[in-house]
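Following the hints, position chain B against chain A.
Protein chains in written order, with the working numbering: chain A, 45 to 444; chain B, 45 to 444.
It should be emphasised that the hints constitute simulated quantities derived from the structure, not laboratory data.
Because identical chains share one entry, a pair is satisfied inside a single copy or across any pair of copies.
Here are the simulated lysine to aspartate or glutamate pairs, DMTMM-like style, with alpha carbons at most 20 Å apart:
1) Lys256 / Glu70
2) Lys259 / Asp62
3) Lys65 / Asp174
From a predicted model like this one, the values you see are computed outputs, not experimental measurements.
Protein chains: 2
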Amino acid sequence: MKIQPDYKGEEAKNPHLDPTKPYPLEGVTVIDLTRVLSGPTCTRMLADAGARVIHVERPPKGDDTRSQGPYVHDGSSNYFRIANVGKESIALDFRDPDDHAFLMKMISKADVVVENFRPGVMAKNGLNPDELVKQFPRLIVCSISGFGQYGPMSGNAAYDTVVQAWSGLIAATGAPASEGGKATRVGTSVSDIVAGVHGYAGIVTALYAREKTGKGSTVDVAMLDTSISLMAQGLMASLGLDEAPERIGNRHPYMYPFDIFDCADEPVAICAGNDRLWSKLAPCLGHEEWVTDPEMCTNDLREKNWRLVKEKIESVLCTGTAEEWQKKIDEAGVPAGLCLNIDDARRLPQVVARGMVKEMDDGFLVMGTPIKYGTWNSYGTTKDAPALNADNDQIRADFE
Amino acid sequence: MKIQPDYKGEEAKNPHLDPTKPYPLEGVTVIDLTRVLSGPTCTRMLADAGARVIHVERPPKGDDTRSQGPYVHDGSSNYFRIANVGKESIALDFRDPDDHAFLMKMISKADVVVENFRPGVMAKNGLNPDELVKQFPRLIVCSISGFGQYGPMSGNAAYDTVVQAWSGLIAATGAPASEGGKATRVGTSVSDIVAGVHGYAGIVTALYAREKTGKGSTVDVAMLDTSISLMAQGLMASLGLDEAPERIGNRHPYMYPFDIFDCADEPVAICAGNDRLWSKLAPCLGHEEWVTDPEMCTNDLREKNWRLVKEKIESVLCTGTAEEWQKKIDEAGVPAGLCLNIDDARRLPQVVARGMVKEMDDGFLVMGTPIKYGTWNSYGTTKDAPALNADNDQIRADFE
Numbered sequence: 045m046k047i048q049p050d051y052k053g054e055e056a057k058n059p060h061l062d063p064t065k066p067y068p069l070e071g072v073t074v075i076d077l078t079r080v081l082s083g084p085t086c087t088r089m090l091a092d093a094g095a096r097v098i099h100v101e102r103p104p105k106g107d108d109t110r111s112q113g114p115y116v117h118d119g120s121s122n123y124f125r126i127a128n129v130g131k132e133s134i135a136l137d138f139r140d141p142d143d144h145a146f147l148m149k150m151i152s153k154a155d156v157v158v159e160n161f162r163p164g165v166m167a168k169n170g171l172n173p174d175e176l177v178k179q180f181p182r183l184i185v186c187s188i189s190g191f192g193q194y195g196p197m198s199g200n201a202a203y204d205t206v207v208q209a210w211s212g213l214i215a216a217t218g219a220p221a222s223e224g225g226k227a228t229r230v231g232t233s234v235s236d237i238v239a240g241v242h243g244y245a246g247i248v249t250a251l252y253a254r255e256k257t258g259k260g261s262t263v264d265v266a267m268l269d270t271s272i273s274l275m276a277q278g279l280m281a282s283l284g285l286d287e288a289p290e291r292i293g294n295r296h297p298y299m300y301p302f303d304i305f306d307c308a309d310e311p312v313a314i315c316a317g318n319d320r321l322w323s324k325l326a327p328c329l330g331h332e333e334w335v336t337d338p339e340m341c342t343n344d345l346r347e348k349n350w351r352l353v354k355e356k357i358e359s360v361l362c363t364g365t366a367e368e369w370q371k372k373i374d375e376a377g378v379p380a381g382l383c384l385n386i387d388d389a390r391r392l393p394q395v396v397a398r399g400m401v402k403e404m405d406d407g408f409l410v411m412g413t414p415i416k417y418g419t420w421n422s423y424g425t426t427k428d429a430p431a432l433n434a435d436n437d438q439i440r441a442d443f444e
Numbered sequence: 045m046k047i048q049p050d051y052k053g054e055e056a057k058n059p060h061l062d063p064t065k066p067y068p069l070e071g072v073t074v075i076d077l078t079r080v081l082s083g084p085t086c087t088r089m090l091a092d093a094g095a096r097v098i099h100v101e102r103p104p105k106g107d108d109t110r111s112q113g114p115y116v117h118d119g120s121s122n123y124f125r126i127a128n129v130g131k132e133s134i135a136l137d138f139r140d141p142d143d144h145a146f147l148m149k150m151i152s153k154a155d156v157v158v159e160n161f162r163p164g165v166m167a168k169n170g171l172n173p174d175e176l177v178k179q180f181p182r183l184i185v186c187s188i189s190g191f192g193q194y195g196p197m198s199g200n201a202a203y204d205t206v207v208q209a210w211s212g213l214i215a216a217t218g219a220p221a222s223e224g225g226k227a228t229r230v231g232t233s234v235s236d237i238v239a240g241v242h243g244y245a246g247i248v249t250a251l252y253a254r255e256k257t258g259k260g261s262t263v264d265v266a267m268l269d270t271s272i273s274l275m276a277q278g279l280m281a282s283l284g285l286d287e288a289p290e291r292i293g294n295r296h297p298y299m300y301p302f303d304i305f306d307c308a309d310e311p312v313a314i315c316a317g318n319d320r321l322w323s324k325l326a327p328c329l330g331h332e333e334w335v336t337d338p339e340m341c342t343n344d345l346r347e348k349n350w351r352l353v354k355e356k357i358e359s360v361l362c363t364g365t366a367e368e369w370q371k372k373i374d375e376a377g378v379p380a381g382l383c384l385n386i387d388d389a390r391r392l393p394q395v396v397a398r399g400m401v402k403e404m405d406d407g408f409l410v411m412g413t414p415i416k417y418g419t420w421n422s423y424g425t426t427k428d429a430p431a432l433n434a435d436n437d438q439i440r441a442d443f444e
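Chain A extracted, bound-state conformation:
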């Protein structure tokens, strides 16, 4: 195993990660009709917060990601595992009348249903979300889809890269066209995952409102909407100034230096977006005189003359490694970071100390939970993802 030597030690130091604390969503039952990534991300968060999540999978193969890599040594999919820790599994075919009847029985006793079919598929299977909430007025039914439950594109199929494209994320990422740069996909399925997080947020909001009023609700989350909501700076320009923002590479639109710089080996990220930080960075780079330089002394000037500023900074940075410079600049009180590969990032002592990698009961390592509560369990589930239909007997016993 690859756990850091001090992993358990660090963990013990942090009461936030005490796995014996009660869970905040204890007693909440979730029927999880989702597949692939956006929906399972939402229901994994529910499981990590202590809800009972019953993953209903279609026989005979189950969730699509069970037959999608990367596969680990026992031949199982690590994609499925990472997205489905803490859940139970039952195989049900919606088109089979007995299975459908049992599903309805489960729903009648549940608090939450989550699905990420294409809009209309639930209704076609006799599971129209609006109708379910009418039939069970305390029920919360969350639908996560590419484009949402209504609107001219609601019927379109969506995968992460397509939504990243429509949302403006891809056009905003990468070097400017004037420098030969091209629109660039964000190097992780951010549109899927962020939609899942918003699904979680919407469900918990609806659970709170139900406690106050007794009323359930549908929750409709679209990957396109949630990706658009990431585009804050772009929207500031587009809505406020009627400007179409240009792709500007690694720079911040309104601060400089706030960019990625080449060192002798690897790049380093430096954020000195105000004059106070600039007055610390310049001497750290051996150029105290830059603080009062008439071309660079204010953020507005540095922003205007950013090419010059970048050239001057890189002419110094090329004399050392990224690691050396990151340390030195950070010690001078200026935010600076190494552009780590995720394999290094997850071994950072900070990431380990925060429990962002955790060990399951069977020794597998998965991602930890990013919300730490003082009062509630924040370690999240320690139960590995289920085999297909693994919990059939127990679920039948509980709901029949």
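The following block gives chain B in isolation, referenced to the frame of chain A:
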């Protein structure tokens, strides 16, 4: 104004956006000590869900973003506006004993406190989050920071680009090194915004748990943790296979074609990540024979031979525009998207229909809310961001 002609019409068609519905977080009072972007994103979501959010700002200048562009025609910052709609403002100096006493009075009557100072600053100002929850056992205190409230890097200053760097996001984004590509910043402040969304999710979870148990809690959200949690695919490889994933540009790591392709003018995103979709894409491109081509007939083969597949696809796409091809491919049932600039994205009929741009009472346009409830108000606030200290009198009257 740039509202689409049918904007209000579309809005009226969608009961999700009915602005007269009750809010899910009605009656919740939030003391908002945050500045800049991550914290204000969290508290804007609380305001959009109907909480009363009182933004406490430091005199004489208030939130940093009030003096940061982009500025709109009346000289005010659109950065501040977009991040702070629906909030009230009071100017209080923590170091002034009277102001501090009044702040404590407000906190004693509030449900939630949110802050995004560097860890330790709250305690230095007599506002230690753990102590506050001890003193007011029903209180929820959410701290959003770059690296979290504990761990070896917890004292480090953080800005978005630095956290993107440490988290693996930057190393994963951009063309592969083997093709001359460089690590690339995601072209929006994704680490700030996603931390704000998790802050919201944590607060609402804690509000639900409080309804059940009467207990408040601290909530500790780190930009680094939440950015790491976006790296699902990378972690699958790193944790499951002990592999450091390479940067692979715009491709998906396990499916092909799932990429961005050049057309005669602009690029188009196409996601045909399984054999069924490939059997639709190939004939749409005029090459039915690719479906059975021994080099391309399965996803595994296409993944292995992706350069060849890309070359073949682009040799067809170069005969038309991205808009023509997107339409044609989409009509064939294969997910495809244009890489829109955010200024075009926010004018998409789908984005307009979903209310993702909305008009404030004073006519300003801001981003809509990405969570739509059947039962609850999902239009969000229509109150523009406040002038500094605008609500002093009313707040004094309510809490004194």
